[in-house]
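Use these hints to put chain S onto chain G, whose structure you have.
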Amino acid sequence: MIELRGVTKAFGSQTVLSGLNLEVPEGMITAVIGPSGEGKSVLLKHMIGLLRPDSGSVLVNGQDISRLGGRGMNRVREKFGMLFQNAALFDSLTVFENVAFPLQEKTILTYAEIADRVHEALLQVGLSGVDAKYPDQLSGGMKKRVGLARALLMNPSIILFDEPTTGLDPVICRAIHQMIRETHARFGYTAVVVSHEIPEIFDISDRVAMLYRGSIIQYGTPEEIQGSSHPAVRQFISGSLDGPIHPI
Amino acid sequence: MTYLLAKVGAWTLGRLKEMGRMFNFILYAFYICITSPGHPRHILKQISFIGAKSSLVVVLTACFTGMVLALQGYYTLAKFGSEGMLGVAVSLSLIRELGPVLTALMVTGRAGSAIAAEIGIMRISEQIDALETMALEPFKYLVAPKLIASIFVLPLLCAIFDVVGIWGGYLVGVELLGVNPGAYFGEMENSVQWKDIYSGLVKSGCFGVIIAWICCYRGYYTGHGAEGVSRATTTAVVTSSVLILVWDYFITSVLT
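First to last, the protein sequences are chains G and S. All the letters of the first sequence, read from the start, carry residue numbers 641 to 888 under the working numbering. All the letters of the second sequence, read from the start, carry residue numbers 3 to 258 under the working numbering.
Check before you lean on any hint, since a few could be wrong.
Among the chain G residues that face chain S by a calculated CB cut under 8 Å, a handful are [said to hold, decoys possible]: (1) Ile688; (2) Glu718; (3) Met722; (4) Thr734; (5) Phe736; (6) Pro742.
Treat the hints as calculated values from the structure; they're not laboratory data. Beta carbons: idealized from backbone N, C-alpha and C, even for Gly.
One chain only, chain G, in its complex shape (with noise of 0.2 Å):
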């Protein structure tokens, strides 16, 4: 279980999170939903210890990350796997390479077991036949699956998606949710989804938290946020220009 607790950070004079207080429950999906530059990215980082809060602490399995230091911080990200907004494949190695770098670079296993276990990744997620392209040689959608793949490689119990859908057609989007949600059904691992993509992502999340202005204003099922009376998750959810949120 991953819990934020009175989480501020701010960068120079802007408070991006503001007190934050979150509990992401164990094996299930848990959607974080909110405006455009409100943090939820950010949300993300703290939680694999990519950035640390000013104030505030964030416990994985009970323990504190934000003040680990290297190798403590290594044995806790050993349980994660992170698919970026950008999949942040490493462009100067083919897909393949890509998908067998932790596993060449962690473990002692041969270069025949590693390629079993890259294929195997990459025909989870869809793909088969690319093994020697480069990334920009992909789509977006191949290479959001690609690093998914990378991902799930090394079996790690929380996988964070910062916008896994982020530039890709409805077909490709729905996709990707289904990937999310077959491979959190294979596998059992906490997941945090940061997305825009509503309504889609109330179909794969177990629990949605809403952030506006730098706090969770509201955490539930699916059909709690939608039925919620909060003007800001009624005036997201449903598009709308007026209310609390300012678009511009």
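Coordinates of chain S only, in the frame set by chain G:
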């Protein structure tokens, strides 16, 4: 007045903080080089990139530097009837000073800028974050191999520069201007000490550290977007070049 003082104070504190971060960076880089330098293939790749692929530009620069030194040196020495000392003048200038400095400046321009840009792009496209999320140490892949490769490769390139430069001087001095070939090499053999060669190679090793340090650092802490990477690359080349010249003065005063 208070406003001005505050501005100057803030600027000074900012520079001090930056310097502290730079020193932490190189100390941590050396720590990683010692504790987990990474797979030899990463180091070999960097030796090929920083060393082998810079050799052509180093050879060309060395050849013409030796030629122009011989040309200038010949007319100066001829005034004193000491044309026979041309080999000594060319070789000592190259081995002690021009070889290490010009090699380092060439490598900074060719490989240093590429290092800063490569790491900068990896930073803005979250590839460095991706390494961290895999519980892998980015310094092990991005900094340590470049630092180790630079320390080994710069002295080798400098040695190539010295040899080619001396032959360039020979071409102009002996073949073109008619200096006795025996005098050109004979006087050189008598005058060039092991200490001259040694100090040139030590300088090159130090310049290797400076290039890898500054260029990796600028890339690692690049600004936002393409403009940030562009600025980081320019700053890396300028800062490395200036530091090479400044450090050259200090190390020369210690080694001579």
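Note to self: Restraint: Pro742 of chain G near chain S, CB-CB cut 8 Å. Satisfied or not?
What the structure shows: Status holds, d = 5 Å.
Check: With a cut-off of 8 Å, does the beta carbon of Glu718 of chain G approach a beta carbon of chain S closely enough for the hint to hold?
Finding: holds, 5 Å
Item checked: Evaluation of the interface hint that places Phe736 of chain G against chain S, nearest CB under 8 Å -> Since the shortest Cβ distance to chain S is 16 Å, the answer is violated.
Checklist line | Hint check: 8 Å Cβ-Cβ cutoff, Met722 of chain G to chain S | finding: holds, 4 Å
Next item on the list: Could you check if Ile688 of chain G really has its C-beta closer than 8 Å to a C-beta on chain S?
Entry: Where the cut-off is 8 Å and the nearest Cβ of chain S is about 6 Å from Ile688 of chain G, the hint holds.
Margin query: Does the closest beta carbon of chain S sit nearer than 8 Å to the beta carbon of Thr734 of chain G?
Written below: violated, 15 Å
Checked against the numbered hints given earlier, this structure breaks hints 4 and 5; the rest are met.
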